[in-house]
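Undergrad: Taken in order, these protein sequences are the chains called A and B. Residues in the first sequence are numbered from 1319 upward in steps of one, following the numbering used here. Residues in the second sequence are numbered from 12 upward in steps of one, following the numbering used here.
To be clear, the hints were calculated from the coordinates, so they are not data collected in a lab. C-beta atoms are modelled at their ideal positions from N, C-alpha and C, and glycine is treated no differently. Each hint should be verified, as a subset may be incorrect.
What the hints assert, rightly or not - Pair ranges (Cβ atoms, derived): (1) K273/B - G1464/A: 43 to 49 Å; (2) I1333/A - D80/B: 49 to 55 Å; (3) I355/B - T1585/A: 26 to 32 Å; (4) D80/B - I1661/A: 28 to 34 Å; (5) G69/B - F1759/A: 48 to 54 Å; (6) D1666/A - I39/B: 49 to 55 Å; (7) N1372/A - S299/B: 27 to 33 Å; (8) G1385/A - G184/B: 54 to 60 Å.
Below, each chain spelled out in residue letters.
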Amino acid sequence: MAVNLTAHTARAKRISPVVILGAILAIIVILPVGILILTSFLDSPPRPGSPLGNLTLENYRALWGRGTANAALNTLIASTFGCLGALIIGGTLAWLAARTDTPAPWLIHLAGFMPLFISLLVAALAWSLLASPQAGYLNTILSDLGIDWNLNVYSLPGMIGIFALYYSPYAYILISSGLTVMNPEMEESAQVHGAKRFLVLRKVTFPLLTPAIIAAALLIFVLIAENFDVVQILGVPNGTETLSTRIYNLTVSYRPNHNQAAAVGATLMAVVFVVVFFQNRVLKRNDFATVTGKGYRPRKQSLGKWRWLALAGTILYLLVAVVLPMLALLQSALRESQYVGSIADMVDLSVLTTAQFERMLARDTFYLGLRNSMIVSFGAATLGGLLFFAIAFVVNKTNIPGRHLLSYVAVMPLAIPALVVGLGFLWTWTRSPIPLYGTVFILILASITRFLPQGYQGMSAGLSQIGRDLEDSAYVHGATRARAARSITLPLVRTGVGATMFLIFILAFRELSTTLLLFTTKTQTLSILIYHQWDNGSWQSVSCLALIFSGVLLIVGLLGRALLGLGKT
Amino acid sequence: MRLRLVSLGAALTSCALLATACSSAEPIDAETDEEGRLIVDGEVIAEAELYEAALEEGKVTLYTAYLEDVAQQFTDEFTQQTGIEVEFVRLTPTQLQERAIAEGGSNLLGADVIQTSDPLNNTELVDAGVIKCEVLDDRLTETIDEEYLDPEGCAYPATVSTMVIAYNTTALGDTAPPETWQDLLKPEYKGKIGVLIAGVGGSAWSNFMFLRNEFGVEYWEDLAAQDVTIQTSSANLGPQVERGEIPIGIVSASTGMAAKEKGAPVDFVLPSDGLAVYGTYTLLSEPSVVSDPHPNAAKLFRDWLFSKAGQASVSAANGGAWGVRTDLPAPDGLPAYSDLPMVILDLDQWRTVQEDWVAEWNTIFGYQES
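Go ahead and model the full structure; you've got the sequences and the hints to work with.
TA: Here it is, written out as C-alpha cells:
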C-alpha cells in the first residue's frame, strides 16, 4: 500500500510533524499527566512551594479491597450496558439519517445531537425531578391517574438508562462521520447480488464501520466509568457505588487524598492504553478505506413502510431524551418551592412564576459567564480542532515513524477522571514560567487537553475511511503533506471535521471539573455559575440556567448548521 | 460564512460588555467623620490612615466558602458601606484549600482574604505560609465571644452555625415530627431519614462527632439501623427534603431556613439535647504570596466583618447563622445564641480522632466499604 514517496522525502529536511505535535502534546498533556503519575507514587500532593513527599506504593496497595472490587463490578456493568445502549441508539440514528429514506432526516439529526446539550449533571437532576420514587413528577402523575406504577431512577438500571440516552450523541457523531464518507459501492453491490437489507448491514456496513464503532465504544465506555454526577445523584442514595464515587471520596471530600486518587487515575490510564493498543491493531490489520479516487454518490436505502416506524421511534427518543427533561426543568424553574404534591400543583398558575428567569438574566455574572463560555468554547473548538486534525492526519494518513506514540498520548486525558485532571493542571500551570495562570487562555488550554481524546477519535473516525491513493497521487504531483491535507483530505472529511469541532464546542461549553480549579472572578464560565447554584441547593436556579444554557447551545447549533453546513449530509 | 459567525461572536461579546458596563450598582453610601475615620451605623470601622490606604488600593480579592449568593449579598453591602470593591471567587473548602496552597506556593495567590470552614484547614494554611496572622483590634476582640478568639490572630469565625433536623410536614403526614436527636431513633421514623456523609465537611462531621461524644458510638449504630438514606452533599439533601422525597433530613440551619422561606412545607427544629457548632473562618493572606495584593483593603474588610454592621450583614445573608459578637440581636427566625445548648468541639480531639472515626462511620453506615 505504501507508495514510493522518495520525491517527498528528498525535499529539504523538515522537522518531523511527529516531533512538532509531540512537543505540543508534551506540554499540554504529558506534563500534567506526568505530575499525576508522580503523585500516585508520593505520599503528599506535589504543590509548588511544598517539599516533595516520599516515594511509596501505598496508594496502589490501597486500591485492592473488597469494596473496590464491588465498585469496580458496578462500574463494569454500568459502562458495558450503557455503552451498548448508546451505540445502538446512536448508531441506529446515524444509519437512519445517512443511509435510509426515513422522512425528515433533519429531525433524526436533531435527535442524534440534542442530548449533547444536556450535561450529565443536569440530566441526572432532571430525571431526579421526573422519576424519584416518592416525589417524581411522573410518579405523581401516575398516582393521580390511579395507575399503580412507580418509576425509580435511583437504581443501577436507571443510571444505565441515563448513560445510554446521553452518551449516544458520541456514537451518533462518530458513526455518522464514518457513514457519510463511506463509499456505498460495496453495500450496493451486495444488494445487487440479492442480499437482504439486514444481511447487508451485518456483513458489509457494520464491518466497514468498525473504526468508528470502536472509537465511539472506547470513548463512551471510559466516560461512563468516570462519570460522577449521575452516580452521585442517582446511585449513592440507594447504596450503588462505582469507582467514580471512590474517586470523589478521595478528591472532593473533606480530607482529600489526592495521591490515591492519582493512583486510581493512573490505573485507569493503563487499562485504556491496552484498549487503544488493540484498537490500533484492528485498524492496522484491516483495510477500511472505502473512499478512493473513483467518484460515487451515496444512495439511500428504501425502508418501505418501516420508515414510518423509524420516524416514530426517533420522535419517541427525542421526547424521552430531550423534551421530558426540559419540561421537568421548566416546571422546576417556575416554582420557588420545589414541593409538588399533585398534577394540580404542576399547573397551579398562582405559584408558577418567571421571576427566577428575570433574576438570572439581570445579573452581570450571567453575561460575564456567557461571554467567557463562548470564548473558551470557540477557542477550544478552533485551536483544538486544528490540533486534533493534525494529529489524526499524521497518525492515520502518513508513514512517519513514531506516529503511533501520538495516538497513545492523545487518549491519556480520557482515562484520568476530570476531578483528577484538574489537579494536574493546577499543579503544572502554577509552576509555569509563562504567565498563563488566571487567564481565560488557561481555560481554553485545559479544555483542549481535556477533550483531546474525543477530538482525536472524532477526526480519526472519518479519516480512516479515506483511501491513501487520493493523497498519494497529490504527493506524486509534488504537494506537501500540509497541502494534501488541506486540499484533498479536508474537503472529503469536512462533515466529520465540522461535526467533531461542534462536539468539542459543546463539550467545552459544558465543561466544569477542570475549570473549577482554574477560574477567577473574571473568567467564570456559565457552567461554573450553574454549579454554584447547584451547590446553593437552589434547584430552581439550576433548572433556570440549564434551560438558558441549552437554549444557547441550540441557537449555536442551528447557526452552525445554517452558516457552515454542519451536519448536512 | 465564517465571517458571519465571527460577527455573531462579536455581537454577543459586545452585548455582554454593554450589559456589564450598564450594570446597576447600589449607590455608595460611605460615611466618614470629621477626622476621616470610616463610620457605619455610628461605629468606627477604620481609622483615617487605614481607610485612605484602603481606598487607594480600591479593591479586595476574596476566596470564599460562603455560598455564591450569600457572598454576593454581603460583599455588595460592604462595597456600599465603604466604597471598596470586592472581587470574590466561590469555592468549596476542599477546592479552596488546594488552590490556596498551590497558588501560594508560587506566589500566585489570587485572594487577599480567605474564608473557609474547617479549623484543620486553617492550620494547614498557616503552616503552608499562606496566612498572615494578625490579632484583631481590641475594640473588636472585646465584643467577640471568647470561645471564638484566636490568640494568634490567624483565623476568626465570622459566623457560626449548626445542624438541625428539618422535615417535610406533608411528607410526614400524621406522624409527629422528631424534636431531639434521640427522637430520630424512634421506630416511626425508620426509612424516612436522610443524612450527609460524615466525610463531607466541617458541618456534617462536627454534628456526628458531637453525637458520638454525647451518646456514644451506639447512637451511630442505632441511627444507621434506621435505614437512613445517605447523600454526599447538602446540595442534594436539602432539595430532597423540600420536595418530600426524603421526609426528614439532618441539614444545616441555613438549608432548613431557606427551604421554609421558599414556601415549601418544610419546618425544622433545633434539638434540645445539644447543638454542635461549626464556624466559617476569615483569614488574611500573607501579602508576599499574593499575586496582586491589597493588604490595607484586606485588613479593613476583616475589621468590617467583625463590626456590628458587618456581622449583621453576613449572618443575614447566610441565614441560619449567628454572628460571634456578644452584643448582637438574635438573627431572623432563630433564637438567640445564648439561649441554645451550644457545644463547642475540642479541636485537639477533632484532630486526633477524625480519620479513624470517619472510617468507622463509613463502615457503620455502609458507605464506601474499603
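Undergrad: Run every hint past the structure and note whether it holds.
TA: For each hint, the structure was consulted:
1. K273/B - G1464/A: 43 to 49 Å: violated (30 Å)
2. I1333/A - D80/B: 49 to 55 Å: Given about 53 Å between the Cβ atoms, the range holds.
3. I355/B - T1585/A: 26 to 32 Å: With Cβ atoms ~43 Å apart, the hint is violated.
4. D80/B - I1661/A: 28 to 34 Å: Roughly 31 Å apart at Cβ, these two residues keep to the hinted range, so it holds.
5. G69/B - F1759/A: 48 to 54 Å: The hint (48 to 54 Å, Cβ to Cβ) is violated, given that G69/B and F1759/A are roughly 26 Å apart.
6. D1666/A - I39/B: 49 to 55 Å: violated (42 Å)
7. N1372/A - S299/B: 27 to 33 Å: holds (29 Å)
8. G1385/A - G184/B: 54 to 60 Å: violated (37 Å)
Consistency note: the structure conflicts with the earlier hints numbered 1, 3, 5, 6, 8.
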